[in-house]
Each structure stands twice: as C-alpha cells, then as structure tokens.
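Add chain E to chain W, keeping to what the hints say.
Chains as they are written, first to last, in the numbering used here: chain W, 958 to 1699; chain E, 958 to 1699.
Derived by calculation from the structure, the hints in this document are not laboratory data.
Check the hints yourself; a few may be wrong.
One copy or any two copies: either way a pair holds, since identical chains are not told apart in the list.
[As the list claims (entries may be wrong)] Below, simulated DMTMM-like cross-link-like pairs (lysine to aspartate or glutamate); rule was C-alpha separation at most 20 Å, straight line:
id, residue 1, residue 2
1, Lys1239, Asp1594
2, Lys1104, Glu1223
3, Lys1427, Asp1514
4, Lys1512, Glu1497
5, Lys1605, Asp1274
6, Lys1085, Asp1056
There are 2 protein chains.
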Amino acid sequence: MAINENWEIYDNELSVSDNQTIESILTVGNGYFGMRGAYEDDAISEKSTTHGAYINGFYETAPITYGEQAHGYPSERQSMISLPDASHISLQLDGIPVDHNHGEITDNIRDLSMKTGLMTHKFVWTGKLSGKKIQVSFRRIVSHVRKHIFAIQMTVKPVNFKRGILSIKSTIDSDNLSAHSSDDPRVSEINTDEIMKHARQINTQNDQIIGLSFTTQRSDLSAMVGAIHNLDGKVSNNQKIWQSQILIDQQPVRMEKFACYFDTRESHGESVSETVVAELEKSKEAGFDALRKEQANYMRLFWHDSDIHIATNYHDDLQMASRFALFQLLQSVGKDGKRGISAKGLSSTGYDGHYFWDTEIYIIPFFTMTQPQIAKSLLTNRYNQLSHATEHAMDLGYRGALFPWRTINGEESSAYFPASTAAVHINADIMFALQQYYYFTDDEHFMRQYGLKMLVEASRFYLSYGSWDKEKGFVINTVTGPDEYTALVNNNSYTNLMVKNQLEFLTTSFDLSQVARFGVTEKEWQQFEMAAKQMFIPREDNLIGQDDSFLSKPKLDLKTMDKSKFPLLMHYHPLFLYQHQVLKQADLILAMALMPYRFTNEQQKINYEYYEPLTTHDSSLSRCAYAIAASRLPDQDAFDQMLQSSFKTDLTDSQNNTANGIHTASMGGIWLVILLGLAHVQATENKLILDPIMPPSWNAYVVCIQYHGSQIKLSVSERGSHVTLMHGLPIKVQLNGEIVQF
Amino acid sequence: MAINENWEIYDNELSVSDNQTIESILTVGNGYFGMRGAYEDDAISEKSTTHGAYINGFYETAPITYGEQAHGYPSERQSMISLPDASHISLQLDGIPVDHNHGEITDNIRDLSMKTGLMTHKFVWTGKLSGKKIQVSFRRIVSHVRKHIFAIQMTVKPVNFKRGILSIKSTIDSDNLSAHSSDDPRVSEINTDEIMKHARQINTQNDQIIGLSFTTQRSDLSAMVGAIHNLDGKVSNNQKIWQSQILIDQQPVRMEKFACYFDTRESHGESVSETVVAELEKSKEAGFDALRKEQANYMRLFWHDSDIHIATNYHDDLQMASRFALFQLLQSVGKDGKRGISAKGLSSTGYDGHYFWDTEIYIIPFFTMTQPQIAKSLLTNRYNQLSHATEHAMDLGYRGALFPWRTINGEESSAYFPASTAAVHINADIMFALQQYYYFTDDEHFMRQYGLKMLVEASRFYLSYGSWDKEKGFVINTVTGPDEYTALVNNNSYTNLMVKNQLEFLTTSFDLSQVARFGVTEKEWQQFEMAAKQMFIPREDNLIGQDDSFLSKPKLDLKTMDKSKFPLLMHYHPLFLYQHQVLKQADLILAMALMPYRFTNEQQKINYEYYEPLTTHDSSLSRCAYAIAASRLPDQDAFDQMLQSSFKTDLTDSQNNTANGIHTASMGGIWLVILLGLAHVQATENKLILDPIMPPSWNAYVVCIQYHGSQIKLSVSERGSHVTLMHGLPIKVQLNGEIVQF
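The following block holds chain W by itself, in its conformation from the complex (with noise of 0.2 Å):
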C-alpha cells in the first residue's frame, strides 16, 4: 500500500480489493451519522455495494426466539438500522446514462483524506457511441461542525468536446434498506421495509426540498432525513427524488447537494421539519466549500492532538494503520453524552450496532489521553443508562447494577448468556475506564455527579454476585470471562484481577464520606475493601490460571490442527472449546497488558509463554493485548511480530469481514499498544509514570498525551526520550522512575 504522504487512502493502493470492504473502510462519518463510501451511482461499476446511513442509536427492536426459553432471559433484541441514503446521484449526458453499460470508466479512484475528513470520488466516462469525455468528482464530507449535515460537491468537467447536456438525478433511497450484514449469525431481521412502507413527505415551504420522515414500528423512534441542493431543479416521486438539467459550455459544471439527516430525539420542543429546513437553507448558504474548510479545520485541531508519529525500518503501514484507526475512531463516537461507540462504528449495521466492553477497555483510552471531553461523554452515556443497569441485576436475583453485555438503550441485548450476561467483567471494565479518566483527568466534579453512583452500584453487584470461600478468600463463581472460548468458569482471573481493581480503586481513592450518600455504611465500605483485600486470583507458583480449572483441562495444539478449522467457532461445537485449554483472545494476558504494575516480571514471561501458544486470535481484539504484554519481555522478536500484526485489521482485512464494518475496538487496540506498550504509560492520581521503549526495527515515535488539563509530547527516538509540555500547568512526569516536573 502506498500512500501519499500517510494522510490519504487511495481504494486503488489498498492491499484489498472487494468493493464492499473498500466502502467500509472509505467510511465517512462523525459520531452522530455516518456513510458508507459507496458510488454515487452504482451503475458506474459492476461490483457489488452495500449502501450504508446509519445514525448511531437509532434502532428498531425485534422480539427474541429462543430455542429454550429461561426466566430473566432479554425479551427484545435492539439493532441500528440503514437508514435512506442521500448520496446518491446519477448522471445523463445528452440523454445517455453515464454509467459502464453506457460507456467506459477509466481513473475511477476514491480517496479518503484523513487530514481533511474528506472523502473523493472521481472517474472519466467515455461515451460509448458519442465518444464524448467527461471528468466527474464526487466530494463528500459528514460534517464534524454540523452534526447532521452530510454534503456532496460534484464537478463534471467536458474534456473532449465543447457542448451537452447534463441531466442530473440526486435521490434519497430507502430501497433495499437492511437491519444487519449477512456474516453475524447473531442479528435478527428487522424488517425496515415496513417502517419506510409508512414514511411521509416532510412537511416543507420549501419545494426544493427532498426526503421523508419515519417512525419505527416497535422502538417508536423517529427521524428525517432532506437535501436540498445548490441549483433549482423539479422534485417528484414523493419528494424523493429532485431532477436538474445543465448546459454544459466548454467549461466545467458544479453542483452541491446538502443533506439533513435528524433523530426526533434530537429536538428540544421545536419543529423537527424546520429544524431541518433551516439547517440545510444554512448550510447550503454557507456553501461546500466553507464545511469543507470547517471540516479541515476541525481535523487540523483534532490531529495536533492526537497523531502519532511513527517512524520505522520498515514499510509505512503502521504510520497509515495508526492514524487511520484514529481517524475511524473520531468519526465512530458518540459525543454527545447519549450514545457511545458501536463495534463496527458507522460503517455497518454489524453486531446491530451494539456498544460492548470494547468501548471502555479497547477504546476509551484513546479519547482520555487526547480529547477527555469524548471519553466524559462516553461514560457519561453509561451514567443516563444506570437505571437499566440496576434493574438488570435486580432480574437476576443480584444488588447493585450489573452493566448489560450489548446494547444501544441500556437494556441488555444479548441472546445467549453464557456468553454474555455471565460476563460480569463489563462492571470492572467500566469503571476501569472510569479510573482512567478519573486519573488523567482529575475531574472530581464528574465523579462527584455522575462517577461515584455507577462506582458504588457496580461494586454492590460484585459483592452480592461473589461470595466467600473460607480457603480461598472472596470468589466469584459462574461467570465467562474475555476468552469466549471458555465460558461459566469460577474465578476467572482477568475477572477477578479487575474487579479487585475497581474496589480498590473506590476505597483508596474515596472515603465512606463521599459515598454514604448512596446508602454505603460502614460494614459494606469494610466489605468492600475486604472483598478486594481477598480476592482469589488461581494460582500455580508464577502461573495464573485462566479460572479455577483452566490448568486442569486438556491444551489444543494449535500448531499442529488443519488450519482450515480456524476461526475454531466456525467448525467446533462450544461444548468441545469449553473443554480444552484454548483460547479465543487475550484474557489474562489482557490483564497483564492493562496493569502490568500487578504482576512480577517472572510473571509476565511465564504466563505469556504459557497462554500465547494456546490462543487463536479469532478475536480482533486478541493481538493488540498480545503485543503489549510482550513489549515487557525479553523476547524481542516476538514483540516485534506481534506488534506488528496487531496494527493488521481492516486496511488489510486480516479478519476476512470488514466488508461487514471496520472493527472499532482493534483501532482503539492500536492506540494501546503504542501507549501501554511502548510508551508504557500509567496515570496515578498524581503523576504521570512513563517508560518508554523503542521497538525494534523502529526509529522514532511521537505521541501527545493530556494529564490534569495540560498536554506533553513524548518523542522516543534511538537517542533516548524526551518529554515537552505543549499547554497547560506543569506537570509532575515519572520518565524512566525519574520524577521531573514538566
């Protein structure tokens, strides 16, 4: 993969070349909507697309069939629909289509800007029987500054003749609509078809106008979606579809199209359909070129945050994966306090567009070292679904709140509970993420107003979900931890490890006073500490246990098994990977990589040596764990490898699915292996502690990272690290066990 300068993918240089997955990847988006970068018009080329808008959060509900029922189990599951799509347009010359039956296609080339947040698409078409030339270049952003507006520049330049006519036809589709992408088994149908079957004209003064207005039959949510576009033109076929026609005259021709893309729950008393109304008569004022300059304003201020610099010995693909993943990973999240990060972001409706513990664990990281305010608003998403949470635990028989394992609303989303509602680590998770930011961020206010209730609720669960053993200490029985290939173990030690975190976290870092208010007395504070104080991590001298029987079962020699049974789900019945030592993904070891401080250095090596050659990585969210538990070994090869692959996901669709969606959670893994991994970054609640290291085979890295308000650059090159404040107060940095006040 070449690429111009790192900030630029060229569907052309990617190392991929499915049309799907290519749309995936060219995503376009900004945490409210987003866009697949699909063609304006399909029929300039014979590959098959998925069109894609989606707004994150917006979901219809479908009922559950289970094939045995159980008390408690989740009735309904919710999934993030397609929603009609605005970019397309389509394109007559003279009366002829401009399409590849019609013609040919030649240069046709998108390119994603990543230092703009611009998306281009441009291609020649000659005429079959004219023989007439055209240049045309699609530009399309999902405004950052405009958090519904979606804009689309089209320039079609004559290249070989003087004069013709161009018809225009620009469209708001709601065909071929569908709830889910077809590789997850685990999504139901969700018949859009029947919601846009009952979707109305917007009711507009404004006849230029496009779209509709709809409403989902179960959730009962309700959106708008209308463009308007820079020429006048004839609306029809119920306002969905508006036709222009222009003279070409030796020069080229230009037109804009502004799209509105509005959830009701947006709105705040006022008329929605005006509330479109005026946003798009604004931006079309404003014109595409002010939102794209917006736009790359936005971006400009977004990457001196937040870039990484990479330099190695080797190709560009981790400069181009990093800054990527970041870019995706900006354009993905909800920042608005009410919606959080799906596992496929905005590119697809896969996993129903669920948030999982990826957001806290994989991703949230990112957001609290460079732009806190995001990882406030993602936490704070988990704040206003509490209740959910509290009633979830009260469902099954437990105090506390018990986070649900996916969802969009709060409620608990998942099908089978094995493999999630037993997952109880989501608490610990959370509120890891919480510490992180309480960490980083020093903002007591938030843990004042919204922290310490989630802290307190997700401690209670623990306390009423474990219980107390008289040899081994506090034990947390029947839960699953990461690894989905063990489920409903005892004392799963990735589980048990965080959990004791988080109840250290709430008594060391807090007192009784602050929590008495939320009905905390003094025997639940000491059991609390004691629970943490006791907890039972399984043990074997240096080697930690999986969970309690882990060591006891038979290991799978995954070097020596047909390679064509891999992803090992896909071929073996759950009950089988159940039984053996074998593992889907970082579970310890995801530990190890997250609080290194807990664990020795002979530790470290012997449970890494002893879990990698066990594990598949049929996880996405494997590797990157891998790599930072292996930046502290002395094996430096295997480091390097692995460090390696964990940039290796969508830009090369290592997963053999981002067809289906970008993996948000392997973007945020790559972030953390640069900061857990070779910046080996930790917060206290007073000092910054890094030690970086150098990787082999690279030369330099630059990283910013933002402590109590202020920002530093780290830079690591061969000649040592160095340490700059970029704004802010100064601030206390342990660099290499030297405490220096920055």
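This is chain E only, laid out in the frame that chain W set:
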C-alpha cells in the same frame, strides 16, 4: 380418593377436578398408540377439553431458531404430533342433540379399569323438552393384543320411554390438532393444520369405512386412521363422518366402532390401506366383547407378573398409585424395538413426545424385573439409533458415541446445550440399564449382538471427553449432571460415578477378546480400566461434592424463601441458580439410590442430610431417589414422609401440570422406590441380592421379580420376608445376607 378394590379409577372420586387433568389420567394406550380420556362428545359437558390421539414416535420436525447460533447446534427439533381422533361419537334422540344444552346430564362418570384395560364412560340424559331419559354408556379399549386397534362399544338404554329414534354421528376428527401442550416453553409450533389440509381419503372397496391418510411435511412420515362400525350407515364429508339411525323400541341399542391407527413404517411392502381395512374388518368380525376379553386376558398376565401388593396402616393411596403407575407404563412403552417411552407417555405431546434418560434410569428397571422382553425392546431402540449417536459425538469433536439428550428418531433435538448435550451422563445411564438388563436376564445373546457395541462406543466417548489430571486422576470436565439448577461444571459426581460403573461393567463382566471386533486394542482396554480405577470424585471427607466447586458456593436457604418463588426456574435467571448450592432434583443422591453399595453408611447419612435441604424437588424425578436413599438412614420419619410423597404425582396432580400429560419417569420411580428402597434388590451376574425392609406404618408388601428367566415372589410383612419361586429353574438369592437357593 375412594377406590373400588384399588383397580378402578373413577373420575368423580379423584382428588383433582380439572377435566384436562382427568383426561390425561384416563388415557388408554398400548405403547404403539394412545388416546386421551376425553368425552366422545364434548358437548355433554361445558368443561374445557383436550382431545388427543398419538402414535408413539410419529413426529414432525421444525427448524430450531436460536437467539444465537453456534457450530454443532441441532438444526431441527422433532415433535410427536396429535393425530385425527377416532373417539368422537355424538347422539341425537328424536332429532334433539344429546348434550348439556338440550337436556340434563346426570350420573356422568368415567372409569378406568386397570385390571381389564377398559375405560368406561356412562351418563344419563334427560331431554329438556321431551323429558325422555336415556342411559348412555361407552366402553373403550386400545388393544394390547391388536397393535393398531382402538374400539368403542356404545349402549343406549331407554329409561322412561318406549320408542324413539336415535341418530348416531361418528367421526374421525382432524380439527384443532396441536403439536404441543401449552405449559412447555421448550417446544415449537408444528402446523398440523397444514398436514391435515393435504390429507387424502382412504382408497378402499368398503364404502362403510371412514378415515384418512396423511403425510407430514418435513419429516415425510405417513399414517392412516380408519374406522368401521358394526351397523350400516351413511359416509360423508370426504369419509370423515359416518351416520346412522336406530329405532329404540323398549330395549337398549348397541353400536360398536373399531378404529385403526397405522403408521406406514409398520407396513412391509403390503398395501397400507388394504392392511388397515383387513384389520378393521377382522376386529369388527370378532366384535367388541372378544377384543375386551383378549384385553382382560392380556392384563391378567401382566398383573400376574407385575402387580405389587401393598398393605399399609393409612389410606390406600399407595396401592392405587403404584398400580396406576405400572398400568400407565405398560400403556406408554414401545414394545417393538422401534420406539421408546416418552416423558408424557401417550397422554399428550408435552416435552414433544421425546425420549429422555428417564427411560433408562427411571423406567426400564420395572420392565427389566418383570417384563424383560420390553426392557430389551427399549434397549434395542437405542441400539437402532447408535449410528446417530456416533455422528453426534463426531460432530461435537469426540470419539465413540454420545446418545442424544432428547429425541424421537435418535438425533439430538435439544435447543439449549448446557442443560442437554452437556448432560453426557446419558451414555452411562443407558449403559446402567443395559448392565441391569444383563445381570437380571443373563441375556448373553443380546449383549453379543447389540449390547457390547453400544457399551464400547459409549465408553470410547468418555475416554475422549474426559481427561487425565495429574493430581485428580481421570476427570470429566464441562458437564451438566442430573440437577438442572447447575450446569457446565467439572466432575459432576453422579456422572463420574456412573461412568466409573459403566467402565467397570465393561472391563469386569467382559474381556478384551469379546470386544476386539469393535477395534478395541489392548491399550484402549487398559485406558478403560485405568479411567474406571482412577475416576475422580470430589470429596471433603465423607461429604461428596456435587461437582468440583459446588460445595464452595453460597447456599440458598429454601426454608425461608417466599413460597411464591417456586419452582425456582420460573422466577430466577439460570445464572443465579447456577451460582448457588440449590438442586432442582436428586443428583449425587440419585447415584446413591442406584448404587448404594458404593457408599458407606456414614457417607449415605452425611450426604443425604447435606443435600436434601438444598433440593427443591421442582422435578418429578427427585423425590423417589430421595426416598430410596432415605430408606437406609436411621431417621424413619423422614423416610416415611419422603416415601409417601414419592408416590404422589399424577393422581393428585402434585406438579400442577398433569393436564399436560402424565409423568412416566415418576411412575417408574414408584417401582424403584419399592424395589430399591424397600426390597433393596440388587442383581449381580450370578445372584440376586435382597435386603428387604418394612417401612414405618406399612404392614406388608408383595412383589414379583424375574431373574435369569425364573420368577420369584418376595413377600415382606411384619413377620419377616419370604421368597417363593413362581416359575422357572431355581435361582441363587442372597436374602438378608444369607445365600439360599430357591
């Protein structure tokens, strides 16, 4: 419940009054097919009714929809379906319907004679306008002698008038069929309407025959139901209705109806409709009274071999309950080696008409000890399904054969593997029944031809499912034991003890030379021996853990729990139940009941006292096991109480769901309680061991047992126990520790 000589069940004397419960209780069947005890004409009562006619093992399939799918899950479920009902007969007197709308119904009583296998229904009807009174009686049998024949004899007697016209309408009703009873959440909807829509008339020369033939849509099974009457009449409505008129002239009038249920898998090349017609004509020729006598004779022989006499100080419930149990087992059990015995017998489609482990552990013992040819036919049915079991094991990733948890055709039909496929004790349960069958019958031929192959394949499965632990020995991880309130644990002690028993049976009752033809090598044989010897059983001194971690979980205090929370599975999430020390049903205690010789007296006492307070008995399989175990304990009051409660299931509707079918396992449990709990019978290869006890407040009991082809009678009274040889060669009996030849 007052009972006529303890042989008759009158519906007006039952302690239950719900009509559908009574219909279940009054089911008549012959193991091939069965009919619920519904009225011939629903309109004589306003109570709600559920008609039902079922052929054992005649099923339709439906796809299973999973909340989340995974590799190796069964894709479809089988469901025994309700068939057209030939019991319908309605009357008119002088053109007025003989029902509760047009007259007064009095003395309406149904009666099931267990002695003769005859069900009678009588009532008196007095016309509202005419004041004419008739006494109507129906007698029905499902013939044990004629596998396919159901017969009804109707008598109508004028009480207060001389002359009248009686119109008879007799139908085969295929309306309102359903595939399942409503209280079972685990079954799918099967559209039997669709099946009946395509039903065809029977092609026959005899124009008096009504009936239809039909084919299931997915499983592609065909059956024919036909009927004939001993009077001439008019056939209409596509051969589904037969009508006739008779002059009542002072004397009673009589009509007989013969129906034939014929599954085409029963035919061997000959024309099905010709067979059905021939069967019908033969029965009609013989006449109802001849069929009734055949039936009474069959039942006489059955009771001769099987009856239990019980004399107690209290009410006669136990005598009645035990006879009812044995009677219904006979009616429910497949006897031709091609079908098993379903959880609800032939009284409903509850549990989809599936065969479970109940068959081998709860039911076969009765047949093994009294009608070994039936035990053999049940084991033969398993043998016939061995190839499915081999495939099933392979699909899961293991060697050998794993029998299905629930099935009709031999394929796993369960949709929630943690409580089904993971219950791998199913193999050992079947092998336990095989061992018992072999020890009681000495049927070497069966072992050679069928038994050994099953035993080897079932044992191979365990060698690959289990594994060797350097400290514990042979362990069997990730299993579910009998107790459904615990799942996916390691070393369930019931499972491990039963597998140990199976492997010991194989390696001590046989030698390598007998199984070498199944590819067993010396090495494998040694592994069988070693696994048996080194089988791990979790223990804390004399207390045996239900599994590796059971004893360390918190206990549920069942005594203080709200009564409205039972059965717990209806009110708690599985996670909550799995997390606690709480049992739905006997688990370790069942192993103790089946193999008391593997436990010391001290162990029996300690474990009973530990587990009983933790057991909800939410399953009808539970109390009989506890009663048997209690029989060996010093506390005779507890024993007496458990003993009595173990007899109560269907006649008192103690589970509140007999309306949805009888509980065959619980019925088998009554036999187990008497034989294993009181007679303390144990068969070894060369002797029969009896250590009979007399329970508190019992005066005497008498029971017959077959052993090695001979039959003995054991009489136990306050004066001691007495054995008599009833027929066959003398056998060696160890009675109360003393070996005697009888």
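Quick rundown of the hints versus the structure:
1. Taking the shortest alpha-carbon separations for lysine 1239 and aspartate 1594, neither the intra-copy value of 56 Å nor the inter-copy value of 87 Å comes in at or below 20 Å.
2. Taking identical chains as interchangeable, the C-alpha atoms of lysine 1104 and glutamate 1223 lie at most 20 Å apart only when both belong to the same chain, with a minimum of 10 Å there against 71 Å between chains.
3. Taking identical chains as interchangeable, the C-alpha atoms of lysine 1427 and aspartate 1514 lie at most 20 Å apart only when they sit on different chains, with a minimum of 19 Å there against 36 Å within one chain.
4. For a Cα distance limit of 20 Å, the shortest separation of lysine 1512 from glutamate 1497 inside one copy, 17 Å, qualifies, whereas the shortest one across copies, 28 Å, does not.
5. Only within a single protomer do lysine 1605 and aspartate 1274 lie at most 20 Å apart by alpha-carbon distance; the minimum there is 9 Å, versus 74 Å between protomers.
6. In this assembly of identical chains, lysine 1085 and aspartate 1056 lie within 20 Å of each other by CA distance solely inside one copy; the values are 10 Å within and 85 Å between copies.
When held up to the earlier numbered hints, the structure conflicts with hint 1 and nothing else.
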